[in-house]
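Based on the sequences and whatever the hints tell you, model everything.
Number of protein chains: 2
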Amino acid sequence: MKKIAVLGYGVVGSGTVEVFYRNKAALEKKAGDELDIKYILEVRDCPDERYRDKFTKNFDDILNDPEVKVVAEVIGGLKYSYGYVKSALEAGKSVVTSNKELVAAKGAELLKTAREHNVNFFFEASVGGGIPIIRPLNQCLSANEIDEIAGILNGTTNFILTKMIKEGMGFDEALKIAQDLGYAERDPSADVEGHDTCRKICILASLAFGKHVYPDNIHTEGITKITLEDVKYCESMNSVIKLIGFASRRGDEIAVMTCPAVIGEESQLAGVNDVFNAILVRGDATGDVVFYGKGAGKLPTASAVVSDIIIAAKSDHSSKTMHWEDSAQDFIIPYKKLSNRFYVRANADKKTVNDIFGEVRFLSRDGAPESECAFVTGEINEAEFEEKCGRLNVLGSLRVLDY
Amino acid sequence: MKKIAVLGYGVVGSGTVEVFYRNKAALEKKAGDELDIKYILEVRDCPDERYRDKFTKNFDDILNDPEVKVVAEVIGGLKYSYGYVKSALEAGKSVVTSNKELVAAKGAELLKTAREHNVNFFFEASVGGGIPIIRPLNQCLSANEIDEIAGILNGTTNFILTKMIKEGMGFDEALKIAQDLGYAERDPSADVEGHDTCRKICILASLAFGKHVYPDNIHTEGITKITLEDVKYCESMNSVIKLIGFASRRGDEIAVMTCPAVIGEESQLAGVNDVFNAILVRGDATGDVVFYGKGAGKLPTASAVVSDIIIAAKSDHSSKTMHWEDSAQDFIIPYKKLSNRFYVRANADKKTVNDIFGEVRFLSRDGAPESECAFVTGEINEAEFEEKCGRLNVLGSLRVLDY
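Chains A and B, in that order, give the protein sequences.
Per this note's numbering, the first sequence runs over residues 1 to 403.
Per this note's numbering, the second sequence runs over residues 1 to 403.
Keep in mind that a hint or two might mislead.
[Claimed, not checked] In silico DSS-like cross-links for lysine-lysine, where the CA-CA straight-line distance does not exceed 30 Å: (1) B:LYS320 <-> A:LYS112; (2) B:LYS211 <-> A:LYS29; (3) B:LYS298 <-> B:LYS29; (4) B:LYS211 <-> A:LYS106; (5) B:LYS29 <-> B:LYS3; (6) B:LYS29 <-> A:LYS314; (7) A:LYS29 <-> A:LYS3; (8) B:LYS163 <-> A:LYS314; (9) B:LYS54 <-> B:LYS79; (10) B:LYS211 <-> A:LYS24; (11) B:LYS320 <-> A:LYS314.
Source of the hints: derived by calculation from the structure; they are not laboratory data.
Here is the structure:
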């Protein structure tokens with residue numbers, strides 16, 4: 001019999017308990033042992049009568065109970081979770097988490113702690129919700145050198161962009177609907193400013209390239225500046241706008257960025273709509289592999305947490321492969337040195353554009369004012385692009401990515 | 001140091017050796033041990049000078065060498081592979097294979113043998129080539145009850161159908177091109193008659209539902225009867241024709257079939273073109289998850305074989321979860337009892353069609369002869385459909401599936 005503790009009884013926590021008890025018999029068969037949830041850590045007074053005997057407000061009950069072998073941290077944030085997770089690992093308990101902020105900020109350290117105490121730190125649910133991506137990346141694609149990862153990693157922003165693209169809805173209106181449906185928080189900045197996507201691409205990059213990539217070092221742009229005019233111009237070149245997190249191997253260095261980008265309709269990422277996520281992994285042997293599914297939500301995320309619980313429960317030693325090192329960030333190419341094609345919308349005439357950017361591809365849309373000019377540049381580096389844009393009255397710009 | 005033997009030096013075998021040596025240092029780090037290929041079993045005289053000292057024609061060299069811990073079987077077929085794999089497992093060596101015919105025919109037995117000898121039998125490469133699907137299905141989705149699996153599992157037929165759909169090319173011409181490009185065999189029947197797809201959906205169904213599903217018990221149709229007229233009618237209802245293998249839980253029983261089917265354009269399977277494969281898995285908690293990538297080819301398949309080699313090399317005991325039982329086939333619903341909507345093309349008038357099928361949705365296409373009539377039925381079971389078709393001059397029919 002292996003005992004489990006669940007830290008937090010919010011959306012993912014209650015989902016974790018629900019999925020666990022719904023499929024308990026099948027899960028025990030898979031784990032090869034009896035399993036039960038012994039504690040649920042929650043500050044509120046017994047929010048669920050069914051589990052009355054399991055609730056505690058005192059983490060030490062869990063920490064000091066040698067019966068507890070696996071701790072599932074689903075509180076989120078860093079304030080409480082970091083200390084709980086660290087001390088649980090030090091006490092010889094495996095930890096699984098859905099907390100991307102924790103993994104992105106402290107992954108290397110917590111993986112090291114887990115290894116030192118011969119237990120596991122798993123985080124399948126931290127990226128892509130119910131989509132299996134962490135373990136496939138680590139195990140199934142292990143024969144590959146990973147050259148590139150690019151993903152639609154945030155369901156809220158993808159929902160908003162889908163509304164803008166498919167229904168011609170403005171950003172504010174689409175955000176409002178996302179909030180009404182419970183997809184977006186009252187304070188949506190973590191989503192719409194790209195921070196959530198950034199954390200997730202940092203986790204994937206760390207795993208793929210073996211060195212911790214910290215979010216603070218990654219250039220991150222959100223979707224708040226995107227207009228319906230941009231959507232229309234992109235449509236005219238058979239493309240859509242998606243918020244993309246990407247990490248790309250360039251020799252011994254890597255390029256990592258989070259930004260809204262123009263993606264051709266033939267891309268496997270272009271047809272990913274609403275709250276769905278998709279992650280493209282390009283391996284040197286396997287070519288492009290894409291993982292698609294619901295990137296968030298109570299039960300999908302909970303199912304990833306529970307899968308990790310099962311694997312942690314049946315493992316009697318630290319995973320040798322799920323690991324990356326802490327590292328100076330000098331292997332990350334400063335984003336201003338990166339090159340891309342760019343989509344630009346400006347108040348300018350074509351001659352001025354050509355004078356500044358050389359040959360470009362001009363775009364058109366119905367109802368555009370005389371003064372507006374939209375175009376796609378050739379390959380140009382970020383610093384140079386910024387300098388050139390300074391000489392133009394730019395209304396909006398986006399990177400054009402080939403995935 | 002762990003030694004490996006590769007059985008067969010054809011396309012996948014030579015790819016396996018290539019991927020192994022290309023990424024050897026990284027693989028050893030992941031395996032936590034030194035690794036080397038000691039033997040390559042091959043009937044031809046040294047087909048590759050670089051590995052001169054590794055070739056043998058005598059399987060007993062491998063079987064009797066206690067240094068060999070992992071055997072990779074990439075011969076294909078059943079004739080030699082079954083005996084080699086069985087005896088390797090009995091000798092306490094783990095086996096990994098890309099051989100779907102072997103796994104579909106003997107999976108339950110070989111998994112049992114592996115377990116009895118505390119070694120592993122892995123087969124990630126047998127389905128979906130380089131797409132991670134076997135292990136994610138087994139591990140990451142383990143908290144789910146799997147309700148449904150549906151996949152485009154054969155690259156050759158998907159290439160042919162893509163040519164028919166996108167370029168209006170006839171079946172024979174498309175097959176010829178597939179053969180010229182090396183995608184289709186000289187004798188293409190295993191692909192175009194659906195047998196390859198059938199083996200793969202049987203493997204996935206066995207894993208998802210825990211009981212061996214034998215290909216001989218599964219209704220299987222190929223794509224040889226599909227015409228450009230059918231393609232056009234489907235286009236008129238925003239749908240495409242794909243060769244689908246599906247397995248679906250219906251209470252305590254399952255429905256399994258391989259057939260060309262009409263799929264709506266909004267489906268995640270509809271945009272899967274050329275030699276790409278995709279597998280949709282519907283879990284009760286996670287909802288729809290889709291895995292997409294190259295389903296065949298030398299390096300993708302080899303990368304899956306090598307990933308399995310790494311996991312087998314670092315494991316010191318039999319996997320507790322990668323398992324299914326042999327079983328009577330009475331949990332498989334006889335296909336004539338299944339219900340579907342059907343697309344039908346017939347020489348008939350609308351009144352006759354309505355008299356026989358009741359209310360249907362009629363379709364049209366440019367240039368259809370006066371006598372031709374195409375329509376989509378309501379939900380109807382296979383036996384009844386067959387009976388009704390007997391009263392009509394049917395030119396072609398396809399199941400309409402919702403994925």
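Quick rundown of the hints versus the structure:
Restraint check: the Cα-Cα separation between LYS320 (chain B) and LYS112 (chain A) comes to about 27 Å, which is no more than 30 Å; the hinted pair holds. A hinted pair counts as satisfied when its Cα atoms are at most 30 Å apart, and LYS211 (chain B) with LYS29 (chain A) qualifies at roughly 14 Å. At roughly 24 Å between alpha-carbon atoms, LYS298 (chain B) and LYS29 (chain B) fall within 30 Å of each other, so this suggested pair holds. For the proposed pair LYS211 (chain B) and LYS106 (chain A), the alpha carbon gap of about 42 Å is over 30 Å, so the pair is violated.
Between LYS29 (chain B) and LYS3 (chain B), the direct Cα distance comes to roughly 15 Å. Compliance with the 30 Å bound is thereby established for this hinted pair. Distance restraint check for LYS29 (chain B) and LYS314 (chain A): the Cα-Cα separation of roughly 23 Å lies within the 30 Å cut-off, and the hinted pair is therefore satisfied. Distance check on the hinted pair: LYS29 (chain A) and LYS3 (chain A) sit about 15 Å apart at the alpha-carbon level, within 30 Å; holds. Simply put, LYS163 (chain B) and LYS314 (chain A) have alpha-carbon atoms about 48 Å apart, too far for the 30 Å limit, and the pair is violated.
Among the hinted pairs, LYS54 (chain B) with LYS79 (chain B) is consistent with the structure: their alpha-carbon atoms are about 23 Å apart, no more than 30 Å. The suggested pairing of LYS211 (chain B) with LYS24 (chain A) holds, with an alpha-carbon distance near 19 Å, which does not exceed 30 Å. Simply put, LYS320 (chain B) and LYS314 (chain A) have alpha-carbon atoms about 9 Å apart, close enough for the 30 Å limit, and the pair holds.
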